[in-house]
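Engineer: Residue numbers (this note's numbering), protein chains in the order written: chain B, 1 to 182; chain Z, 1 to 182.
Incorrect hints may have been included.
Chain copies aren't distinguished; within one or between two, either way the pair holds.
List of simulated lysine to aspartate or glutamate pairs, EDC-like, C-alpha gap at most 20 Å [stated by the list, open to error]:
#, residue 1, residue 2
1, 61, 163
2, 117, 103
3, 61, 111
4, 129, 27
5, 61, 162
6, 2, 103
7, 129, 26
8, 7, 27
9, 61, 132
10, 129, 28
11, 2, 179
12, 2, 40
13, 61, 33
14, 7, 28
15, 117, 40
16, 129, 111
17, 7, 40
The set of hints was computed from the structure by calculation and includes no laboratory data. As the structure is a prediction and not an experimental result, all values here were calculated from the model.
Protein chains: 2
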Amino acid sequence: MKASELKAAQQRALRMLSSAGVVLTEDEASHVEVADFGLDRLAVEGLELVTYVNTDRYCAKELVIFPGQTCPEHRHPSVDGHPGKQETFRCRRGEVWLYVEGESTSPIRAELPETAKAHYTVFNEVVLKPGEQYTIPPDTRHWFQAGPQGALVSEFSSRSRDESDVFTNPRIRRQSVIEDQT
Amino acid sequence: MKASELKAAQQRALRMLSSAGVVLTEDEASHVEVADFGLDRLAVEGLELVTYVNTDRYCAKELVIFPGQTCPEHRHPSVDGHPGKQETFRCRRGEVWLYVEGESTSPIRAELPETAKAHYTVFNEVVLKPGEQYTIPPDTRHWFQAGPQGALVSEFSSRSRDESDVFTNPRIRRQSVIEDQT
Chain B
1 MKASELKAAQ QRALRMLSSA GVVLTEDEAS HVEVADFGLD RLAVEGLELV
51 TYVNTDRYCA KELVIFPGQT CPEHRHPSVD GHPGKQETFR CRRGEVWLYV
101 EGESTSPIRA ELPETAKAHY TVFNEVVLKP GEQYTIPPDT RHWFQAGPQG
151 ALVSEFSSRS RDESDVFTNP RIRRQSVIED QT
Chain Z
1 MKASELKAAQ QRALRMLSSA GVVLTEDEAS HVEVADFGLD RLAVEGLELV
51 TYVNTDRYCA KELVIFPGQT CPEHRHPSVD GHPGKQETFR CRRGEVWLYV
101 EGESTSPIRA ELPETAKAHY TVFNEVVLKP GEQYTIPPDT RHWFQAGPQG
151 ALVSEFSSRS RDESDVFTNP RIRRQSVIED QT
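Let the hints inform the model, and build the full structure from the sequences given.
Structural biologist: Dropping the structure here:
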């Protein structure tokens with residue numbers, strides 16, 4: 001991801017947060033995380049995040065998902081004998097389509113990323129509109145895509161250890177690589 | 001607390017949540033918790049809450065505090081060998097004055113509830129404006145009061161066990177008693 005693309009995504013995420021009435025500190029606003037999962041196709045597979053707090057017991061984040069953007073399939077395994085991350089997604093604005101393990105929905109609302117279809121394997125669809133929420137058990141494969149207006153989702157969870165996430169697509173790297181940074 | 005007072009407080013809390021852009025389900029809106037701590041002087045000592053999720057690992061709530069309203073001093077002790085609740089207060093709207101253990105601030109912004117002054121014993125003042133947050137360690141005495149515009153505060157925490165809270169005022173009962181319910 002180019003530094004200019006990162007900056008543009010941060011600004012777009014800030015506009016979506018602001019229009020939903022979310023107030024951030026200057027420091028938070030200048031550190032919006034933009035994850036392209038090392039795939040360098042942010043518009044298709046990517047996610048924007050603000051982490052409010054992440055202690056050894058709980059975590060709270062805002063997730064910003066641009067229209068049609070997909071967070072790739074992954075799970076949160078046990079780490080060092082601690083159960084994997086349990087997380088609750090609460091939709092605040094827009095609409096998000098969440099896919100978890102279980103009976104496949106057919107057809108699904110989401111459009112699978114063309115070049116990565118093989119890396120999406122769970123299709124039990126949960127549609128979340130503003131005010132609706134869903135809790136994902138630990139170590140459960142899931143992925144999600146925003147509807148045509150994009151989505152703002154609050155995530156409440158146990159401790160977050162992004163570096164331990166297991167993605168179905170083996171090419172994925174959780175840490176974004178930023179090119180041409182000055 | 002009379003049922004009519006409960007209903008009025010619920011409606012007022014819903015208006016504050018709505019004006020901050022918080023979207024609730026119908027079920028959540030009809031179950032806003034109004035805590036008068038068994039003291040029956042809600043305007044002085046009370047709190048309004050919506051609990052989004054409370055698992056054995058984490059909890060997320062919205063707290064609505066009316067102008068000048070005070071949540072009485074309490075702490076979250078260890079329960080059954082589990083460390084007490086750790087919680088992060090993030091101010092969303094208005095201003096909240098939080099008091100925790102430590103060096104006393106003098107003078108403090110809050111006005112102590114006249115009939116309960118003896119039950120407020122910690123005065124290290126933390127002022128939270130929108131976007132600002134503070135994390136309270138387990139088993140630490142704390143209390144808070146909203147400024148003149150009231151406040152909306154998101155609480156992120158480990159598991160919530162309200163029934164185990166220890167209040168400095170021994171008269172306090174965490175469960176509200178509603179009179180003249182039909």
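Engineer: A separate judgement is required for each hint: does it hold in the structure or not?
Structural biologist: Against the structure, the hints come out as follows:
1. 61 to 163: within (16 Å within a copy, 27 Å between copies)
2. 117 to 103: Within. Shortest intra-copy distance 18 Å satisfies the 20 Å Cα cut-off; inter-copy 58 Å does not.
3. 61 to 111: Cα proximity of residue 61 and residue 111: none, with 25 Å in one copy and 33 Å across.
4. 129 to 27: Classified as between: cross-chain Cα gap 15 Å, same-chain 29 Å, threshold 20 Å.
5. 61 to 162: Within. Shortest intra-copy distance 12 Å satisfies the 20 Å Cα cut-off; inter-copy 24 Å does not.
6. 2 to 103: This pair counts as neither: shortest intra-copy Cα distance 39 Å, inter-copy 48 Å.
7. 129 to 26: between (29 Å within a copy, 13 Å between copies)
8. 7 to 27: Within one copy only: 15 Å inside, 40 Å across.
9. 61 to 132: Close inside one copy (16 Å) and across copies (14 Å); limit 20 Å.
10. 129 to 28: The answer is between: 14 Å across copies meets 20 Å, while 26 Å in one copy does not.
11. 2 to 179: within (5 Å within a copy, 63 Å between copies)
12. 2 to 40: within (9 Å within a copy, 59 Å between copies)
13. 61 to 33: within (11 Å within a copy, 24 Å between copies)
14. 7 to 28: Within one copy, since 14 Å is at most 20 Å while 37 Å is not.
15. 117 to 40: within (16 Å within a copy, 60 Å between copies)
16. 129 to 111: within (18 Å within a copy, 41 Å between copies)
17. 7 to 40: This pair counts as within: shortest intra-copy Cα distance 14 Å, inter-copy 52 Å.
In summary, the numbered hints that this structure violates are 3 and 6.
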